[in-house]
Amino acid sequence: NAGVMQNPRHLVRRRGQEARLRCSPMKGHSHVYWYRQLPEEGLKFMVYLQKENIIDESGMPKERFSAEFPKEGPSILRIQQVVRGDSAAYFCASSPSTSGTHYNEQFFGPGTRLTVL
Amino acid sequence: AQSVTQLDSQVPVFEEAPVELRCNYSSSVSVYLFWYVQYPNQGLQLLLKYLSGSTLVKGINGFEAEFNKSQTSFHLRKPSVHISDTAEYFCAARAGGTSYGKLTFGQGTILTVHP
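In order, the protein sequences belong to chains A and B. Numbering of the first sequence is given in this note's numbering, commencing with residue 1 and proceeding in unit increments. Numbering of the second sequence is given in this note's numbering, commencing with residue 118 and proceeding in unit increments.
Be a bit skeptical, because a hint or two may be false.
Computed, partial: chain B to chain A, Cβ under 7 Å [as the list claims (entries may be wrong)]:
1. Phe-131
2. Gln-159
3. Gly-213
4. Phe-222
5. Gln-224
6. Ile-227
7. Pro-232
Below, computed lysine to any residue pairings styled on SDA-like, alpha-carbon distance capped at 20 Å [what the hints assert, rightly or not]:
8. A:Lys-27 <-> A:Glu-63
9. A:Lys-51 <-> B:Asn-141
10. B:Lys-175 <-> B:Pro-157
11. B:Lys-175 <-> B:Asn-158
12. A:Lys-44 <-> B:Glu-181
13. A:Lys-51 <-> A:Ile-76
14. B:Lys-186 <-> B:Gly-160
15. B:Lys-166 <-> A:Gly-73
16. A:Lys-44 <-> B:Lys-175
17. A:Lys-44 <-> B:Asn-141
18. A:Lys-44 <-> B:Ile-177
19. A:Lys-44 <-> B:Glu-183
20. B:Lys-166 <-> A:Lys-51
21. B:Lys-175 <-> B:Gln-159
Covered stretches of chain B, as calculated for chain A (at least 3 residues, CB under 8 Å) [stated by the list, open to error]:
22. 169-183
23. 189-196
Think of the hints as simulated: they come from the structure by calculation, not from any bench. Backbone N, C-alpha and C define an ideal beta-carbon position, used for all residues, glycine too.
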């Protein structure tokens, strides 16, 4: 069973461009979380999604950031008109949909490191 | 609202010595607690979790943690560390009684094991 997949692993954008980060959860997981790790800081929650629904977006910046998790395909975190302060590592995590050994756990992907020039 | 505080930003130790990484949380409701490890340029890997039951939790790689409700702490311990334990460690909390929800992370502790 493959782990959580994120691509690209590294992304370089110039100020004002758009960044699209993709996350494919583990097989059988329908809950996806996005976290941001700024340099020298811990991870901060951004958004929690289930298929076709945003459950909690309390950590998302009000402007320029959006997320989706369509019925088919990966979850996408989209950052419009990027600024230097968006440079960070963005991690996706997924949780299983049913009870079992790993119930209540979040499994993390390797992250996408975004650099804004 | 929950908050998690990791009291040490860096902990240097010698190989085969014991180590304790400290974590305190604040929450007005029941809480689930987790420790994750992050190796350079990688994602987070779960070391152990406390949901309920026994307050002493054993995890992977010889790590264990003790949930102390009166002191609101969840310190991570290992009796004898290896060079390969060098990494950053994160304590995290989530609201208890629910199956899903966001994690609140501490600032992280960088553990450096010297030969």
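Now the hints, each set against the structure:
The interface hint given for Phe-131 (chain B) is broken, as the beta carbon of that residue sits about 26 Å from the closest beta carbon of chain A, more than 7 Å. The criterion of a C-beta within 7 Å of any C-beta in chain A is met by Gln-159 (chain B), whose closest approach is roughly 6 Å, and the hint holds. Here the hint on Gly-213 (chain B) is broken, as its CB sits about 9 Å from the closest CB of chain A, past 7 Å. The criterion of a C-beta within 7 Å of any C-beta in chain A is met by Phe-222 (chain B), whose closest approach is roughly 4 Å, and the hint holds.
For the restraint placing Gln-224 (chain B) at the interface with chain A, the shortest Cβ-Cβ distance is roughly 5 Å, inside the 7 Å limit, so the hint holds. Hint status for Ile-227 (chain B) relative to chain A: violated, with the closest Cβ pair at about 10 Å, above 7 Å. Interface hint at Pro-232 (chain B): violated, since its Cβ lies 26 Å from the closest Cβ of chain A, which is beyond the 7 Å cut-off. At roughly 32 Å between alpha-carbon atoms, Lys-27 (chain A) and Glu-63 (chain A) are farther apart than 20 Å, so this suggested pair is violated.
Between Lys-51 (chain A) and Asn-141 (chain B) the alpha-carbon distance is near 34 Å, which puts this suggested pair outside the 20 Å criterion. Restraint check for Lys-175 (chain B) and Pro-157 (chain B): not satisfied, since their Cα atoms lie roughly 24 Å apart, outside the 20 Å limit. Taken as a hint, the Lys-175 (chain B) and Asn-158 (chain B) pair is broken in the structure, with Cα atoms around 26 Å apart against an allowance of 20 Å. Straight-line distance between C-alpha atoms of Lys-44 (chain A) and Glu-181 (chain B) comes to about 25 Å, which puts the hinted pair past the 20 Å bound.
Among the hinted pairs, Lys-51 (chain A) with Ile-76 (chain A) is consistent with the structure: their alpha-carbon atoms are about 12 Å apart, no more than 20 Å. About 29 Å separates the Cα atoms of Lys-186 (chain B) and Gly-160 (chain B), which puts this hinted pair outside 20 Å; it is violated. Proposed proximity of Lys-166 (chain B) and Gly-73 (chain A) is contradicted: the alpha carbons are some 30 Å apart, above 20 Å. Using a Cα cut-off of 20 Å, the hinted pair Lys-44 (chain A) and Lys-175 (chain B) is violated, with the two alpha carbons roughly 26 Å apart.
A C-alpha spacing of about 17 Å is found between Lys-44 (chain A) and Asn-141 (chain B), which places the hinted pair at or below 20 Å, so the restraint holds. Annotation: proposed proximity of Lys-44 (chain A) to Ile-177 (chain B) is violated, straight-line Cα distance about 25 Å (limit 20 Å). As the CA atoms of Lys-44 (chain A) and Glu-183 (chain B) are separated by approximately 24 Å, the hinted pair breaks the 20 Å bound. Distance check on the hinted pair: Lys-166 (chain B) and Lys-51 (chain A) sit about 26 Å apart at the alpha-carbon level, beyond 20 Å; violated.
For the hint pairing Lys-175 (chain B) with Gln-159 (chain B), the CA-to-CA distance comes to about 23 Å; that exceeds 20 Å, so the pair is violated. Given a C-beta distance limit of less than 8 Å, the hint that chain A covers the segment 169-183 of chain B is violated, as 0 residues qualify and 3 are needed. Counting residues of the segment 189-196 of chain B whose CB lies closer than 8 Å to any CB of chain A gives 0, which falls below the minimum of 3, so the coverage claim is violated.
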